[in-house]
Amino acid sequence: MPSEEYVERVLSVVESIPPGAVLAYGDVAEYLGDGGPRQVGWVMSHYGGSVPWWRVVRADGRPADCHAGEAVRRLRAEGTPFREPSGRVDMAAARWDGAPPQVSPRPA
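Following numbering that gives the first Met the number 0, the numbering of the sequence shown begins with 0 at its first residue and continues without gaps.
Read the hints as simulated data drawn from the structure, not as lab findings. By construction, the Cβ of each residue, glycine as well, lies at the ideal position given by its N, Cα and C atoms. Check the hints yourself; a few may be wrong.
Now the in silico label distances, taken between C-beta atoms and shown as ranges [what the hints assert, rightly or not]: (1) 69 / 37: 17 to 27 Å; (2) 99 / 32: 11 to 21 Å; (3) 76 / 97: 15 to 25 Å; (4) 17 / 82: 15 to 25 Å; (5) 75 / 29: 38 to 48 Å.
Go ahead and model the full structure; you've got the sequences and the hints to work with.
Now the structure itself:
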């Protein structure tokens, strides 16, 4: 079982993924420099309900089986690119690079 600190770090990364982008479970672990896809998956399955869980997918672009339909619906609504006809997320186009989202300046 991962530590409370690890759980918080995973959830923080997932909260940072902008709409239209995704990370694979292993990408989250790599971003943290700690753990692996299974540890991240465990955290998401136990604590991920309060964050945009649908933005974390398998390395091949498939969402977790338990909520696949809902995840695909949410990802498509956010404009996430998919590879058709496979119905998988286009990881080359959608993988988040970890950079903060660009914010347009407010008009004066």
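Q) Lying within 15 to 25 Å: is that true of the beta-carbon distance residue 76 to residue 97? A) Since the Cβ atoms of residue 76 and residue 97 sit about 23 Å apart, the hinted range of 15 to 25 Å holds.
Q: Given the range 11 to 21 Å, decide if the beta-carbon distance of residue 99 to residue 32 lies inside it.
A: 19 Å Cβ-Cβ, so the 11 to 21 Å window holds.
**Q.** residue 29 and residue 75 - C-beta distance against the hinted 38 to 48 Å
**A.** 26 Å Cβ-Cβ, so the 38 to 48 Å window is violated.
Q) residue 17 and residue 82, beta-carbon distance inside 15 to 25 Å? A) holds (20 Å)
Q | Pairwise beta carbon distance, residue 69 to residue 37, judged against the given window 17 to 27 Å | A | holds (22 Å)
When each numbered hint is compared with the structure, a violation occurs for hint 5 only.
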